[in-house]
Amino acid sequence: MTEPAGKLAPEVPAEFMVKAENVHKSFGRVEVLKGIDLQVRPGEVMCIVGPSGSGKSTFLRCINHLEKINGGRLWVNGKLIGYREKNGRLYELKDREVAAQRREIGMVFQRFNLFPHMTALENVMEAPLRVKRRSRAEARAQAESLLEQVGLGGKTGNYPSQLSGGQQQRVAIARALAMEPALMLFDEPTSALDPELVGEVLGVMQQLAADGMTMVVVTHEMGFAREVGDSLVFMDGGVVVEEGAPAEVLADPQHPRTREFFSKVL
Amino acid sequence: MTSQQEPAERARPETIKAVPVRHPGRWVLAAVLLVLAAQFVHMLVTNPAFQWSYIVDNAFRPPVIEGVRTSLLLTVLAMVIGVVLGVVLAVMRLSDNPILRGVAWLYTWFFRAVPRLVLAILFGNMGILYARFSFGLPFTEQFADLLGVDLNGTLFSVDARTLLTGFMAGLLALALSEAAYMAEIVRAGILSVDPGQTEAAAALGMSKLQITRRIVLPQAMRVILPPTGNETIAMLKDTSLVAYVPVTNELFFQLQAIGNREFQTFPMLVAACLWYLALTSVLLVGQYFLERRFSRGAGPSGQAKLRLRIMKGDH
Numbered sequence: 001m002t003e004p005a006g007k008l009a010p011e012v013p014a015e016f017m018v019k020a021e022n023v024h025k026s027f028g029r030v031e032v033l034k035g036i037d038l039q040v041r042p043g044e045v046m047c048i049v050g051p052s053g054s055g056k057s058t059f060l061r062c063i064n065h066l067e068k069i070n071g072g073r074l075w076v077n078g079k080l081i082g083y084r085e086k087n088g089r090l091y092e093l094k095d096r097e098v099a100a101q102r103r104e105i106g107m108v109f110q111r112f113n114l115f116p117h118m119t120a121l122e123n124v125m126e127a128p129l130r131v132k133r134r135s136r137a138e139a140r141a142q143a144e145s146l147l148e149q150v151g152l153g154g155k156t157g158n159y160p161s162q163l164s165g166g167q168q169q170r171v172a173i174a175r176a177l178a179m180e181p182a183l184m185l186f187d188e189p190t191s192a193l194d195p196e197l198v199g200e201v202l203g204v205m206q207q208l209a210a211d212g213m214t215m216v217v218v219t220h221e222m223g224f225a226r227e228v229g230d231s232l233v234f235m236d237g238g239v240v241v242e243e244g245a246p247a248e249v250l251a252d253p254q255h256p257r258t259r260e261f262f263s264k265v266l
Numbered sequence: 001m002t003s004q005q006e007p008a009e010r011a012r013p014e015t016i017k018a019v020p021v022r023h024p025g026r027w028v029l030a031a032v033l034l035v036l037a038a039q040f041v042h043m044l045v046t047n048p049a050f051q052w053s054y055i056v057d058n059a060f061r062p063p064v065i066e067g068v069r070t071s072l073l074l075t076v077l078a079m080v081i082g083v084v085l086g087v088v089l090a091v092m093r094l095s096d097n098p099i100l101r102g103v104a105w106l107y108t109w110f111f112r113a114v115p116r117l118v119l120a121i122l123f124g125n126m127g128i129l130y131a132r133f134s135f136g137l138p139f140t141e142q143f144a145d146l147l148g149v150d151l152n153g154t155l156f157s158v159d160a161r162t163l164l165t166g167f168m169a170g171l172l173a174l175a176l177s178e179a180a181y182m183a184e185i186v187r188a189g190i191l192s193v194d195p196g197q198t199e200a201a202a203a204l205g206m207s208k209l210q211i212t213r214r215i216v217l218p219q220a221m222r223v224i225l226p227p228t229g230n231e232t233i234a235m236l237k238d239t240s241l242v243a244y245v246p247v248t249n250e251l252f253f254q255l256q257a258i259g260n261r262e263f264q265t266f267p268m269l270v271a272a273c274l275w276y277l278a279l280t281s282v283l284l285v286g287q288y289f290l291e292r293r294f295s296r297g298a299g300p301s302g303q304a305k306l307r308l309r310i311m312k313g314d315h
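For the record, the sequence lines run as chains Z and V.
Residues 1 to 266 (this note's numbering) make up the first sequence, in order.
Residues 1 to 315 (this note's numbering) make up the second sequence, in order.
Chain V extracted, bound-state conformation (with noise of 0.2 Å):
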């Protein structure tokens, strides 16, 4: 025979009261810190070196704030080409093509090779390999030679100090070769989706642009965007090398110079370090809310069912 309980019978045993494991550790850890941190406050203050006045002062002089402008500029641009031309990379690839693969793995393959730095400074020197840019039929010139015949294939031409300004060499440096690192984040992320999915939506006949961009590229999101976010802070930082393509007049050129003239380098390294930490401060704030918004349907703990929560009332 087999027992049963009347629930109603048995009393509800009292809620467990018991006294919590102590972490005498965290308290002295806790202690050291607060000394360490305290003799630190206390050097920024009383240092002389620092001349806090005079940060305060300089740190927002017109140069400094068109540098910071010039700066986000070159990060939003260089990361919305290098986004772009990275996934473009990614898809490429993955295809079936084998020219398409190749291609994006020469890409791949320079870009990652050569440093930003020298990447600045080549683009700025590109004026040397090209005094015009000239868009028309190639070879045309080659084949008049051989030919013996007068043959003009050039459709337009630029000069190419109007076209490649300081500015637009860094963008160039800056975002092509971001997209080489984009593209193997992009690619990591393709591969992270579970390739179930692929076949649901081609059973449905679906078209592969449409898998492509519909089903694959929003679930790969999730894996892509916290490096991306990694990558967009690093490229804020790396706006300073377009001082090298040159670029004069952006952040850290800008802090750097007026410390020179006036003999107050070291002031000026912290004001760079604060502007730095206060930008990127900023970048982060957007990468919680793009992270949050591509979490959706993400596990039972996602923000779908928060939203849900909302929605009913009870939150």
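Okay, chain Z solo, but in the shape it has when bound (with noise of 0.2 Å):
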């Protein structure tokens, strides 16, 4: 195909963002999601959470292609995530089809994942350098102003172990904003930071939603859940239990999975 990636005949009218159809994920014999379906708008900041193992976070990676689906369907930006469907039958897409499907999607994780040999700001050239084949002084450019964005202009010669885990955290969000993506993913982005710290990031996060990112996040921060989300989604046991606006489900949860999860977290 010759089109520009982005540019594809959508399968679904992309008047969602995200599209989950049934998904379905087992790891051996463990089935892990069973049977998700959810719809994130663009622009939607949507919050996602649930006790550990409820698999929130597998999802996330579905999301990506980080893991395999093995039943439903999973569409971002109106494009079928992972496959090519034809006549009726699903193919398998190439290492560089899904690649080149990956670079609308940023994603940002728990144990921040930067990378430790290069510095904040070559963490954040690398892609735009290698993937985009942009010109080092344009990637240079662009990440300087995305780490000044993330209020770490200063910070740009550090490598991560000199940074603090907050600082790493920015770092990494201002490293997926650098392939502009259309959608943002965030596995717990806070869960591994001391507290004192939690606000910056969040406040980072706070600040891309307000610029209108779509964003999809697995969370336990239900102040920023009620704050900043659109939608708030409990999930249990790979099953969807209860989805809405944040200010209803966690002020008048239906479901009494719900009500019992956060009476142990709010």
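Take the hints with a grain of salt, since some may be wrong.
[Said to hold, decoys possible] Calculated pairs, SDA-like style, for lysine to any residue (alpha carbon to alpha carbon, straight line, at most 25 Å):
{"no.": "1", "chain 1": "Z", "residue 1": "LYS68", "chain 2": "V", "residue 2": "GLU141"}
{"no.": "2", "chain 1": "Z", "residue 1": "LYS155", "chain 2": "Z", "residue 2": "GLU138"}
{"no.": "3", "chain 1": "Z", "residue 1": "LYS68", "chain 2": "V", "residue 2": "ASP96"}
{"no.": "4", "chain 1": "Z", "residue 1": "LYS68", "chain 2": "V", "residue 2": "TRP105"}
[As the list claims (entries may be wrong)] Rough simulated footprint, nothing fancy, chain Z against chain V, three-plus residues with beta-carbon under 8 Å:
{"no.": "5", "region": "186 to 200"}
{"no.": "6", "region": "232 to 240"}
[Claimed, not checked] So the derived label-pair ranges between C-beta atoms look like this:
{"no.": "7", "chain 1": "Z", "residue 1": "ALA245", "chain 2": "V", "residue 2": "LEU94", "range": "42 to 50 Å"}
{"no.": "8", "chain 1": "V", "residue 1": "PHE110", "chain 2": "Z", "residue 2": "GLN207", "range": "55 to 63 Å"}
{"no.": "9", "chain 1": "Z", "residue 1": "ASN22", "chain 2": "V", "residue 2": "ALA188", "range": "54 to 62 Å"}
{"no.": "10", "chain 1": "V", "residue 1": "ALA188", "chain 2": "Z", "residue 2": "GLU92", "range": "38 to 46 Å"}
Derived from the structure by calculation, the hints contain no laboratory data.
As the structure is a computational prediction, the values presented were derived from the model and not from experiment.
Backbone N, C-alpha and C define an ideal beta-carbon position, used for all residues, glycine too.
Using the hints, put the two standalone chains together into the complex.
In structure tokens, the structure reads:
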């Protein structure tokens, strides 16, 4: 195909940035996702909460094909993730095509996963340089402005080991943004941080949401979910138990399992 | 009510000046070792078998210097080929492709199983197996015989002895065997890198090759380098094996030849020890600088911090 990425004829109307249809995922015999149906609209911030082992991180990793789903369908920006459907059959995408799909999806990890042998600036420049084949000057200018945006304009030359957890996670957000993604995935971005550093990362995420970024956030920060989230999803045992506007779900959970969970974390 | 202390009111206690723990054992040990060392040096100087003047006169003769050159050249070339091939084999071994995995396993199995000395002699005698090396379509002769037609699929061919000189045979034996060991070292290095690194790079849309080259291998280097220094030193010493190919212009053979010819075997053995000591020391310096280069960003005590301090000027 000669069309540039992002301009493919959509297989479903791109009214949803993410559309999951009956998504199943098993690791060996253990079924982790038992039929997830979710939609995220462009510009929406969806927070996913739930007890550990509920499958919320696995679902997030399925969205950018870090995990291969065993059943159902997942679309991002109108494109089927990981497969091509032709005459009623699914064909696995090649590594190169999967990589192309991932360029539109930024991801931030619980443990930051910055490249330790590169400075903050080099971390942010790497993907635009190698994947988008930007010029060094262009990539550098962009990386500097992104680091400025996350409040780390003075730390560009530091290696990750010289940064605090909160600073590292902000570099990781800048690194993901450098690919100019249409969707950002956050996998418990503040869970590995010291309590006093959580705020600075949530602040950057809040700003990002205000700028209109579509975000799916797996988190335990109920305050963030309430104030920044447009929708709240409660997952347990591999299914979506409850879904709705954060204020309503948090104030008046309908399902007993949701009530039980909130009674423990709130 | 919580008690509050005014920091200014409390006098700063004087710095502790305590009598340090004494270590008399260390002094005894040092004294014993000093006596032993003195005895050793005395033996070196007074024992006539060392023939120091003979060593000095003969350890730098042109054939010996030529031998040093050959041994160093063999070491460098064998290590370069060994490292490059070893990286390729390690990546193959860890790939999703079962055929590549199998080939890499088979290679490592064979070249680790056969001793280097045997390999060196084997490669030296390759001429028995092939008088000529030919490149062309496979099995054309057999097909021609089968069909009863004249068919020549050979594109070009060379005499085995022009291609596989003694030096080439020795180099191949050392390099191919080294690749098998390096493959395992590199594999260990790659496995030591946090899988989260690969995931983060993949999530950015980087290709597998880019992830390996830009993200995984540079981090694996920290684990790979120290044993590779070991391998280089071992390789320098193993170059003495190529005398059996035979490649006679290597260091040890030349020193021994002089010793045997002039009935001064022992002094020339001492000269060999000294030469290998000196060359290994040079290699160690190289290793130090390489390790420093690849420890960038490693831990708060890493080199990066030192460099920063130098940049700031409070060094």
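Three or more residues of the region 232 to 240 of chain V near chain Z by CB distance under 8 Å?
With 0 residues closer than 8 Å to chain Z, the region 232 to 240 of chain V misses the three-residue bar; violated.
Are the Cα positions of LYS68/Z and ASP96/V separated by 25 Å at most?
holds (15 Å)
Range first: 55 to 63 Å. Now tell me if the beta carbons of PHE110/V and GLN207/Z are that far apart.
holds (59 Å)
Within a Cα-Cα threshold of 25 Å, do LYS68/Z and GLU141/V meet the stated pairing?
violated (50 Å)
Does the Cβ-Cβ separation between ALA188/V and GLU92/Z fall within 38 to 46 Å?
About 31 Å separates the Cβ atoms of ALA188/V and GLU92/Z, which means 38 to 46 Å is violated.
Is LYS155/Z close enough to GLU138/Z, meaning Cα to Cα at most 25 Å?
Distance of about 19 Å is within 25 Å: holds.
Three residues or more, CB to CB closer than 8 Å: is that satisfied between the region 186 to 200 of chain V and chain Z?
holds (count 5)
Is 54 to 62 Å respected by the C-beta to C-beta distance linking ASN22/Z and ALA188/V?
Given range 54 to 62 Å: violated, Cβ gap about 43 Å.
Holds or violated: LYS68/Z with TRP105/V, Cα cutoff 25 Å?
violated (28 Å)
Using the beta carbons of ALA245/Z and LEU94/V, state whether their distance is inside 42 to 50 Å or not.
holds (47 Å)
Hints 1, 4, 6, 9 and 10 from the list above are not met by this structure, while the remaining hints are.
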